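The listed protein sequences correspond, in order, to chains A and B.
Under the working numbering, the first residue of the first sequence is numbered 1, with each subsequent residue one higher.
Under the working numbering, the first residue of the second sequence is numbered 1, with each subsequent residue one higher.
By construction, these hints were calculated from the structure, which means they are not laboratory data.
Source: prediction; values computed, not measured.
The C-beta atom is built at its ideal place from N, Cα and C for all residues, glycine as well.
Misleading hints may appear alongside valid ones.
[What the hints assert, rightly or not] Each pair of labels, with its calculated beta carbon distance range:
| id | chain 1 | residue 1 | chain 2 | residue 2 | range |
| --- | --- | --- | --- | --- | --- |
| 1 | B | Gly69 | A | His289 | 44 to 54 Å |
| 2 | A | Gly89 | B | Arg15 | 45 to 55 Å |
| 3 | A | Gln87 | B | Pro217 | 24 to 34 Å |
| 4 | B | Gly69 | A | Glu75 | 29 to 39 Å |
| 5 | B | Pro217 | A | Ala227 | 49 to 59 Å |
| 6 | A | Glu83 | B | Asp148 | 49 to 59 Å |
| 7 | B | Arg252 | A | Ala295 | 39 to 49 Å |
| 8 | A | Gly89 | B | Gln288 | 35 to 45 Å |
[Claimed, not checked] Mimicking DMTMM-like on lysine to aspartate or glutamate, the simulated pairs with C-alpha atoms at most 20 Å apart in a straight line are:
| id | chain 1 | residue 1 | chain 2 | residue 2 |
| --- | --- | --- | --- | --- |
| 9 | B | Lys256 | A | Glu62 |
| 10 | A | Lys309 | A | Asp57 |
| 11 | B | Lys50 | A | Glu62 |
| 12 | B | Lys50 | A | Asp57 |
| 13 | B | Lys256 | A | Glu299 |
| 14 | A | Lys256 | A | Glu70 |
[Stated by the list, open to error] Only part of the chain A face toward chain B is listed, based on derived beta-carbon distances under 8 Å:
| id | residue |
| --- | --- |
| 15 | Ser19 |
| 16 | Pro71 |
| 17 | Val90 |
| 18 | Glu158 |
| 19 | Leu195 |
| 20 | Ala265 |
| 21 | Ala295 |
| 22 | Arg296 |
There are 2 protein chains.
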Amino acid sequence: MSLPWDRLLAERATRIRPSLLVDFDRLPASDELILFSGGAPPLECLPVEKIARALFDAWHAEPGALGYGEPQGYEPLRAAIAERMRQRGVAIDPDDLIVTNGSQQGIDLVARLLLEAGDRVVVEAPTYFGALQVFEPFDVQIASVPVDDRGVIVEALERELSARPRPKLIYTIPTFQNPSGVTLDPERRAALVALAERYGVPIVEDDPYGELWFDRPPPPPLRALHADVLYLGTFSKTLAPSLRIGWLAAPRRLMKLLVDAKEGADIQADRLLQRALARVLADEWFEQHLAAARARYRERCALVLRGLKRELASLATWNEPAGGFFIWVALPEGVDTDALLVECARQGVAYIPGSAFYHDRAPRSTFRLGFTTLSPAQLDEGIARLGRAIRAALRPDRA
Amino acid sequence: MSLPWDRLLAERATRIRPSLLVDFDRLPASDELILFSGGAPPLECLPVEKIARALFDAWHAEPGALGYGEPQGYEPLRAAIAERMRQRGVAIDPDDLIVTNGSQQGIDLVARLLLEAGDRVVVEAPTYFGALQVFEPFDVQIASVPVDDRGVIVEALERELSARPRPKLIYTIPTFQNPSGVTLDPERRAALVALAERYGVPIVEDDPYGELWFDRPPPPPLRALHADVLYLGTFSKTLAPSLRIGWLAAPRRLMKLLVDAKEGADIQADRLLQRALARVLADEWFEQHLAAARARYRERCALVLRGLKRELASLATWNEPAGGFFIWVALPEGVDTDALLVECARQGVAYIPGSAFYHDRAPRSTFRLGFTTLSPAQLDEGIARLGRAIRAALRPDRA
């Protein structure tokens with residue numbers, strides 16, 4: 001064979017970030033492994049009947065939607081999304097939105113528009129590994145700005161923004177961040193937007209969790225503070241991941257290029273599914289669904305927080321998120337949570353190690369716990385196993 | 001505003017190819033415009049009830065498929081696709097396939113894997129504009145190899161393959177080509193594959209129309225001649241464009257990287273839709289559906305060919321396709337079909353001008369007629385209008 005697969009594999013394997021979904025299967029897992037790796041609604045929060053019925057109705061109401069069309073997305077769905085965003089303080093029109101295959105494709109479209117090889121990109125540290133999956137193959141320099149319990153640290157951000165070459169974008173998850181669970185406070189939101197404007201660097205705001213608060217709504221999105229913020233939303237967390245419907249709000253003058261880029265990527269989103277979602281958003285049902293999901297996630301988060309206190313109070317620290325899907329746990333400096341994961345899996349429990357959320361992939365002493373996909377009984381048992389495994393690894397004398 | 005949108009728009013507008021779907025709306029159109037621009041099944045060929053029922057059943061059978069999973073695609077669907085490919089002479093397993101959002105995303109995934117700025121890419125001239133939409137933003141050199149009535153011209157191809165830098169891929173639509181309607185003959189198929197192997201350049205075979213022959217099946221896909229051919233298939237033309245489900249067959253050793261790239265692009269395809277399609281392919285229905293579609297398209301193609309002979313016999317030449325969706329019409333050299341389109345639209349008829357199918361976008365004397373989306377009455381009237389408009393433009397003395 002003279003085809004150049006060997007050279008290609010050697011070159012590309014360093015550029016394309018391996019999928020977590022696939023590689024997670026390589027753990028020494030048993031059937032009873034309790035996975036805190038999930039970042040999705042649980043089965044019982046998936047509105048099967050509601051969406052199945054809406055889809056069936058949409059197909060019968062408008063079979064012509066099986067054809068090509070609407071590369072920017074179905075207008076009534078964009079209108080319903082814009083209305084929800086207005087209720088969160090964002091002044092926006094349906095024409096400011098393009099429908100994407102989840103927010104993952106939104107990140108990709110923004111990257112296609114803004115990035116070239118050699119550019120600099122600012123991300124939070126830690127950050128969503130799916131964003132790194134998008135940015136890294138563009139062969140860009142990735143500048144990581146640390147996050148503390150108030151969100152991204154503004155002084156560190158300014159150092160990166162003032163350096164040359166000027167970054168081409170700031171990617172941030174300001175609300176119930178993945179993986180840290182942290183929410184950027186209002187003062188820092190204002191400072192972040194002011195810095196972005198001062199240095200002329202676009203903000204890409206990824207907001208999959210903003211509607212999934214526990215006790216009270218978070219501060220309005222950054223997009224409410226500045227119309228040039230590129231905003232990414234999705235129904236993956238509020239309805240169902242498999243739907244693959246999200247949206248990107250962008251300055252109107254960029255929209256034509258984004259629609260062209262979407263067409264180059266995969267032509268258009270599923271038109272009948274978009275019609276079904278417009279039906280789902282048209283009545284009170286969605287608010288009731290969100291209220292039920294919020295209550296469920298609040299309860300599960302509290303259960304995990306109690307379990308952590310019981311099992312790991314003297315060995316670890318963690319945040320107390322006000323919404324979203326994740327708790328971020330820090331073990332003493334020097335602990336390698338990549339290595340520890342193998343030990344935990346032997347005990348029947350798994351998390352996502354901190355290394356997955358950094359560009360350098362170096363081992364860290366942190367890990368992410370997703371608490372939404374497991375039942376209360378699984379959460380309790382899982383945290384007990386986690387406690388045993390970590391105590392055994394860190395204090396073998398007392399195990 | 002200090003954000004760099006002006007600079008960005010100036011830079012990117014030259015790199016991102018404008019969408020045809022969008023820009024077509026800018027013609028001086030009337031409500032009665034007869035559009036030969038379509039490349040899709042007509043409304044009456046869309047199997048609404050069959051797919052709606054399969055989708056509804058799939059949702060009820062496996063609601064858990066609303067979650068994350070299967071980034072390579074649903075295994076029973078991949079198995080059904082592999083079985084259909086085997087029936088066309090391609091030795092292939094389900095694990096050699098990844099499910100994509102139509103073949104458009106397949107082209108994009110291949111480009112992500114194989115291309116970097118400065119690389120060379122070989123395409124046919126003319127070629128599918130959606131492939132140019134993918135390749136051009138990678139900032140690659142595009143080498144165009146002409147097509148004649150037996151398909152791509154092998155001697156011209158060899159000149160491009162032997163030049164340096166060596167091309168990174170050959171993109172070809174060997175069967176019922178878009179836009180030319182031409183099918184690569186068996187002798188040239190063998191020569192193309194041999195050349196690709198000799199020069200070590202991967203073939204990307206796009207095959208959206210191969211199942212839509214008129215009188216007899218076309219030669220087997222190039223993938224049947226060599227296991228390293230990257231093969232793209234789709235249900236957009238055989239079932240419905242809006243489904244956005246296609247597939248990419250690739251050498252097994254590339255699959256992990258392709259799955260990772262798919263996850264970076266948009267995580268996964270719609271899992272319930274994949275289950276619905278697996279049901280649709282599970283019985284005799286799909287073959288019957290294809291047989292009915294073939295008969296309908298054959299009849300419409302023949303009707304347009306008769307009309308062209310009646311209206312334009314002395315002014316134009318065209319091919320007689322053996323399948324697919326398109327007839328390629330050539331006017332005398334020097335005619336600018338971009339300019340002529342405006343005249344035709346004033347007469348109530350439109351085509352896609354040849355310029356859309358070339359990297360250089362220069363005006364050409366050719367245009368594409370899509371004959372599947374219009375009724376027989378529309379086809380008749382449309383060709384009559386086309387004849388009047390072209391005769392008036394080319395022979396104003398006799399108009």
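Note to self: Please list, smallest to largest, the hint numbers that this structure does not respect.
What the structure shows: Failing hints, ascending: 1, 2, 3, 8, 9, 10, 13, 17, 18, 19, 21 and 22.
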